[in-house]
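Colleague: Chain by chain, the residues:
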Amino acid sequence: MPDKRTAEYEEREEYEMSVLDRLSDRLIDWLAAFITLFRKDWRRRNQSKIKEWKLMAYAINRSPPTLLGVVIVIVYIFFGIFGPYLVSWSYDFFPILYNTSTQLAHPGTTYFLNVTTIENGHIVQYTTHIHFLLGSDVSGRDIVSVLLAGARTALVLDIFIILIGPTIGIILGLISGYYGGAVDETIMRITDMFLAFPALILAIALSAVLPGRIQEFLNSHSWAQTLTLKLFALHARDVNNLGKLLAVFVALVVVWWPGYARVARGSTLTEKENLYVEAARAVGLPTRTILFRHILPNIIGPILVMITMDFGGVILTEAGLSFLGLGAVPPIPDWGNLINQGSQYFPQAWWLVAFPGIVIVTVVLGWNLLGDGLRDVLDPRTRRSLEFKLKKKAGGGEENA
Amino acid sequence: MAGIGKFLVRRGLTFIPTLIGVTLIVFIIAYVIPANPVRAWAGGEKASQAAVEMIKKEYHLDQPWYDQYVFLVKGLFTNSLLDPLNQEPVFSNIGNRFIVTFQLALFAFFFVVLMGLPLGIISALKRNSATDMTLRVVALIFISTPIYVIAYLFIWLFFLHWSLTTLAGIPPGPPHKITHIPVIDDMLTLNWGNFVQQVRRFWLPGFTLGIAAAGVLMRFTRNSFLEAYSRDSTLFLKAKGVPRRRLYRHVLKNALVPVITILALQFGGLLAGTPITETIFNLPGIGLYGLQAIMYLDFPALVGVTFLYAIVFVTANLIADILYAVIDPRVRF
Chain A
73 MPDKRTAEYE EREEYEMSVL DRLSDRLIDW LAAFITLFRK DWRRRNQSKI
123 KEWKLMAYAI NRSPPTLLGV VIVIVYIFFG IFGPYLVSWS YDFFPILYNT
173 STQLAHPGTT YFLNVTTIEN GHIVQYTTHI HFLLGSDVSG RDIVSVLLAG
223 ARTALVLDIF IILIGPTIGI ILGLISGYYG GAVDETIMRI TDMFLAFPAL
273 ILAIALSAVL PGRIQEFLNS HSWAQTLTLK LFALHARDVN NLGKLLAVFV
323 ALVVVWWPGY ARVARGSTLT EKENLYVEAA RAVGLPTRTI LFRHILPNII
373 GPILVMITMD FGGVILTEAG LSFLGLGAVP PIPDWGNLIN QGSQYFPQAW
423 WLVAFPGIVI VTVVLGWNLL GDGLRDVLDP RTRRSLEFKL KKKAGGGEEN
473 A
Chain B
-14 MAGIGKFLVR RGLTFIPTLI GVTLIVFIIA YVIPANPVRA WAGGEKASQA
36 AVEMIKKEYH LDQPWYDQYV FLVKGLFTNS LLDPLNQEPV FSNIGNRFIV
86 TFQLALFAFF FVVLMGLPLG IISALKRNSA TDMTLRVVAL IFISTPIYVI
136 AYLFIWLFFL HWSLTTLAGI PPGPPHKITH IPVIDDMLTL NWGNFVQQVR
186 RFWLPGFTLG IAAAGVLMRF TRNSFLEAYS RDSTLFLKAK GVPRRRLYRH
236 VLKNALVPVI TILALQFGGL LAGTPITETI FNLPGIGLYG LQAIMYLDFP
286 ALVGVTFLYA IVFVTANLIA DILYAVIDPR VRF
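Protein chains in written order, with this note's numbering: chain A, 73 to 473; chain B, -14 to 318.
So here's chain A without its partners, still in its complex pose (with noise of 0.2 Å):
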């Protein structure tokens, strides 16, 4: 097997290896293995591909800040997913009613209620104690259980906002770049139309006029509500708040497809003067194939860096937009909806704004780490520079043999 000689004497030969940079090798092989499963023979024939994404993975396992920005974004989407079941206080129990003084608790504190509730047509009555880990807010919730239960709403809003806009924006600007021309013209005019806001003016303008059309939408589209309430992990009396929820989705999608849109374009105009495309082109592949699996794949890094980054961009306009009384209304648990608390309250309840506010910004800052290190990762020059680097240090070996 000469095949199979060479893998090993290039992995020797090569690198220093870490436990990161062997969890990492693992981590690929799996990926690897399971797109095997579905695409016959993807691993051997794509073996240049494998071994440029574990070099990548030595880089940003060699570089801290991004390290930590990856931590930081795993507990992000593994709260964002789980939080909403790990709270110990529902998002709609409001501990005021039955103990008035509950009312924005200081932290660390603790308070006795006596709860009259109504479960399954009998009135139950219980007492029990709430204990205020980070304070609590105007209505007497439990900070930790709001902003666990915050994560997925920000986690939803951000990855189908990111999901959706970017893409809409990179096939405007692949095709608007491809052809050029009068569908060119119309594109860029319209794009031009949408970026001559700035993003978040546009953003509120629309995030006030549009919850009521989709709140009408909800109401008679029943499927799509029971999709929203399970999606954000809402229960079902909290139907007449989705439309302002959801305002603010359709208003980001406006706001974000644009700018990659422009960036999109950019990159086909220059891309699509190499021969390669010609050469597709002469083969006779059809555009959608010459578009998505030979020029994409060639401008999506900086997209890429540029999409990490706006997981983070999205995070802050949203929790803008509900600080400012748009969107999120009070019993959907929201970081920004928590700020928009505090700030009512403002010396006084600083939990409000504090606690809500290192959320924030540790999470936006994770995903800017990570696309920092990203970007750093895709850049060619960076990375061979660092692959060099690398080899050095484990150069002593090759000298010696």
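Any given hint could be a false lead.
Claimed, not checked - Listed next, the stretches of chain A that the computed footprint assigns to chain B, with coverage defined by at least 3 CB atoms under 8 Å from CB atoms of chain B:
1. 176 to 188
2. 260 to 267
3. 301 to 311
4. 378 to 391
5. 414 to 423
6. 440 to 449
What the hints assert, rightly or not - Among chain A residues calculated to face chain B with C-beta under 7 Å, some are:
7. Ala254
8. Val281
9. Arg285
10. Ile411
11. Val433
12. Val436
13. Leu437
Unchecked claim - Residues from chain B that keep clear of chain A, each with C-beta distances beyond 12 Å, as calculated:
14. Val(-6)
15. Phe95
16. Arg121
17. Pro269
18. Ile304
19. Pro314
Rather than coming from a laboratory, the hints here were simulated on the basis of the structure. In this text, a Cβ means the ideal position worked out from N, Cα and C, and glycines have one as well.
Could you slot chain B onto chain A? The hints should help.
Modeller: Coordinates of chain B only, in the frame set by chain A:
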């Protein structure tokens, strides 16, 4: 200055479709306005049917969409769009508030330049050192910290602790008006008493608003400087034995070309943060006006504010392009 006139004409012409586009989007916003607000404008639940009909007619709400569009555009350009709350033209209401917003953006811009440029250059000069690392982390933190978080920290520090600022009302402008922007007028007429009052009221909001943009500018300046440093011309200067100081002066000149364009763009970008800043610091600018308009369902005012923001933003972009063309002859063609 070859070709600069031609470039200006060409760039000016693209301004027109953008402007039409802006009115179109503003119209879409006005058109999807939910839950017919007419009843609220007419006086709430008790409004008579006749009053509702009258208002509908006044705002052309019973007409087809193209008529509404013409009505809106006419209203925006001739300032005949009435604010239903006080029956005054929208832009007359906006006038004085815009000065506040503009002054806020000016203060922010001042801090952006003051922090972003020097720190970015220091970071580039000491690249890959501990200073550089610290500055880069600081820049990243600046970028990641939203206004509505850092503002409260600052209020706590500078207002509650050290009372270095005031947070209520705004000081009146100087009696003698030249540019209508108080700080600039104060400087021109040497009215230092009023100048100090203006600065005391506006420096903290401006600083808060500018901090994210300062982070962006720091990073941009650093990259631009390093890019200019890695050019062949720098290598040539080095080979020639030019002293370090002169070398850096040459590099800086090249590096500042893109930085100046970014600065013009950032001035437009700062506007986006003004609604939040004005809300927190209680400044009666157009951002706060627009947000209050949303609360009172006062949609003509919202449309007016959105339109004004877009106009200022587009103008800032235009200035950025022109500056770029003036500085760098290559982009004129």
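Colleague: Would you list, in rising numerical order, the hints stated earlier that this structure does not obey?
Modeller: 1, 3, 7, 16
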